[in-house]
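Chemist: Protein sequence lines, in the order shown, are assigned to chains A and B.
Residues in the first sequence are numbered from 1 upward in steps of one, following the numbering used here.
Residues in the second sequence are numbered from 704 upward in steps of one, following the numbering used here.
Hint data in this document are derived by calculation from the structure and do not stem from the laboratory.
Heads up, the beta-carbon is just placed ideally off N, CA and C, and yes, glycines get one too.
Treat the hints with caution; some may be incorrect.
Said to hold, decoys possible - What follows is a list of derived Cβ distance ranges for each label pair: (1) Asp-569/A - Phe-803/B: 17 to 27 Å; (2) Gly-740/B - Lys-483/A: 42 to 52 Å; (3) Thr-734/B - Ala-690/A: 29 to 39 Å.
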Amino acid sequence: MSDEGKIGVYLCACEGEIEKVIALDSLVREASAWPGVTTVRKDSSLCSERGIRTIREEVKKLGLDRVLIAACSASLKMKEFSDLGINKYLVERVNIREQCSRVHSDNPENATKKAGAMLGIFLEKARRSKALEPVTVPAVKTALVVGGGVAGINAALDIAGTDAEVFLVEKKPVLGGNVAEFHRYFPRMCPPSCGLELLLSRIESAPRIHVLTSSEISALSGSPGNFSVTIKAASTGVTNLNEQDRVSTVKAGAVILATGWEPYDPTPLTEYGYGRLDHVITNVEFEKRARERKEFLREVRSTAFIQCVGSRDERHLPYCSDVCCMVSIKQALSLKEADSEHDVRIFYNDIRTPGEYEELYRQARKSGITFIKGIPSELRQEAPGKIAVSVFDTVAGRRTENTVDRVVLATGMRSSQGNSGLNAKIGIVLNKNNFIESHLQCHPQDTQRAGIFSAGCCRAPMDVSRSIESAGSAAIKALQFLKGEITVSPDYPVVNILKCDHCKRCMEECPFKAYSLDEKQFPKVDITKCRACGICMGSCPLGAVSLGELSIEQLSGMLDVLDKSYLGDDEPVILGFLCKNDAYRAADDAGLKGVSYPPNLISIMVPCSGAVNGMIISEAISKGVDGILIAGCPDDQCHYVQGSALAKTRLADVSNKLKEMYIEPERVRFVNISRDETEKFAETVKEYVAELKKLGRNPLRIQ
Amino acid sequence: MPPYVVKDKCDGCKGKEEPLCEQICIGDLMTLNPDTGKAYCRSLRDCWDCMSCTKICPKGAIEQRIPYQLGYHGAKLIPMMGTDSITWTCVDINGKVERFSFRTRNKK
């Protein structure tokens, strides 16, 4: 502990709420005596204009180099306390309201003791904090859009509407993608030649869009803001047979993947006889033929549509393909429009026409289209040009026999085959259905690689309007990388090369593949790829990796100064490492939800439970902490993909070690706490305290 | 007595070319078995029982048998590393457990 420094400690009474429970005056006296503390002040409301002004004035007058604010949770009032006339990384927050006064109001004496212990450890953290400034990296003002379908075209146009350049890469010789070959769009039933051709002419006239057709991307390197993408143009094979594939490299600040979809091939569903029976076609073929020849719609007198071909089927596509219900209704309506006597039957499981599309369904019902709830088990060729469709109608409760001239299979959408290759080429992670996904509900546009976004059907099955929407949202995300420079918050990790042993575990465990080796073979984080989760900090077996806002040295120092007997010798002390996104906030809510937990727990906010290093846990136990509680998100909700899972494994390692040392392995514990599980959190702490009381004191705790 | 690698615990430092035990071993005895992806000691009789590999292993997968001059069968010596400290657990042949914590000179 160094006694240098000029630290200002400010305690907030929060208009009496905190002071009602915690004896702030005794804390003021206590803190005044600590080395390095220049001033200690109690205020009725620190976040008020007057409170902020007081701190600002004192920072200036006394030349404070650290400020400790003991008030509400650090997840609140961030803006107010970010501008105190001192680098915001030198301002430390101590949560004596949400995690002390509010939850321990039944025992003011212990609450004061806990607040004192918290003040002590966070003062030590503040002592070791460093001033950090955001880093600005130059970036190219060029975007690369992969896929020239409706999503890709729209994304390219949206970006080119600013001052950025766009390269639009399409593997086919022409732009337009799948929908270019279609007959009609729903719900307004306009032909693609209307909307799409307008877009294509805009692309042609846009000066900053460079279209590369018959081309594919083959490799990607570099960092967000400065990607280097290799593009392979297929040889035409016509002009010069010996012509090799032409390869070029494009510098791009951001990449949008709009690789689209392809229809599911219904051949494996042998019961429908696709390819075997005459006049059994897919919905995509229907579109193409209707576009080619107007007579197609009048050629036959009766048509059956079979829904969910391949979709919602564990053996084929487990998901709903989203558009097929509307597509069949649209096609059925065009048949009716061409000939109102046309006998149209739609065989379905469930008709899904969300939102405004319900209107289409109602229209279809009115126009005399027959909807039969039941999926045919088999199709038979009854006579040339006649197909027998036998189905158990689950509404009527009986089997019906139908004879039709043509059957349309409403096949589902699968992500374009290109997706699987993308994984290897540019390190994109696909979900179990082969779509590009990172965190569907919170960041649908993102992939697991910074600076690379997804739009359209490569993300999930969607219709034209949603594809265009997704293209817009991906373009906006991409534009943040196309401003000519990227500003990175300084929370990213730094590797202490004096301690590093080149084991590369940080590189292996980083969920965003942000690490690479520098020229001396030390791991180096690419700050533009990093999302500051700290999983690398938790992974390092030598404690050589530290985040900007929370270093290994700070944690170790905090363990040193923590008074392990702050509640007396017989009370266990638990150190909690709570994940910033979920568990910490869940714990913050305890007071408001009217639940409380014993004051034996002091918690430290970590960006992800995966950021807690095994050495720090071991050290806490060696330094006499009775129990360690790590709380992370439920495994499938972790914002950093695998943080909670890794934290669990690391805790298991420490727990095994403790067993060998004849120390109770229960002294370390992991719990999954989601954002709203405040009660579970309080219950866990209560149980844990009771259990630790039974176990007795940590044998390594010195009296 | 040479180090013993608990195969279930060892993850070969994620299968990278040089695991930590290989890097730390002053006798260059520890190495990775390319077939199993687990570490092993390639020359048992050359080990000097320095326990560097035991201390550094992040998975706690390397156990050390104490040489008989120090303690007979049943005696154990288990290190646990912190960032600036080490805690030794000594178990003698009668099962008596003693623990010692020290500061290390790893600069903070």
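Chemist: Taking the hints in turn, state whether each one holds.
Modeler: A quick look at each hint next to the structure:
no. : hint                              : result
1   : Asp-569/A - Phe-803/B: 17 to 27 Å : holds, 21 Å
2   : Gly-740/B - Lys-483/A: 42 to 52 Å : holds, 45 Å
3   : Thr-734/B - Ala-690/A: 29 to 39 Å : violated, 47 Å
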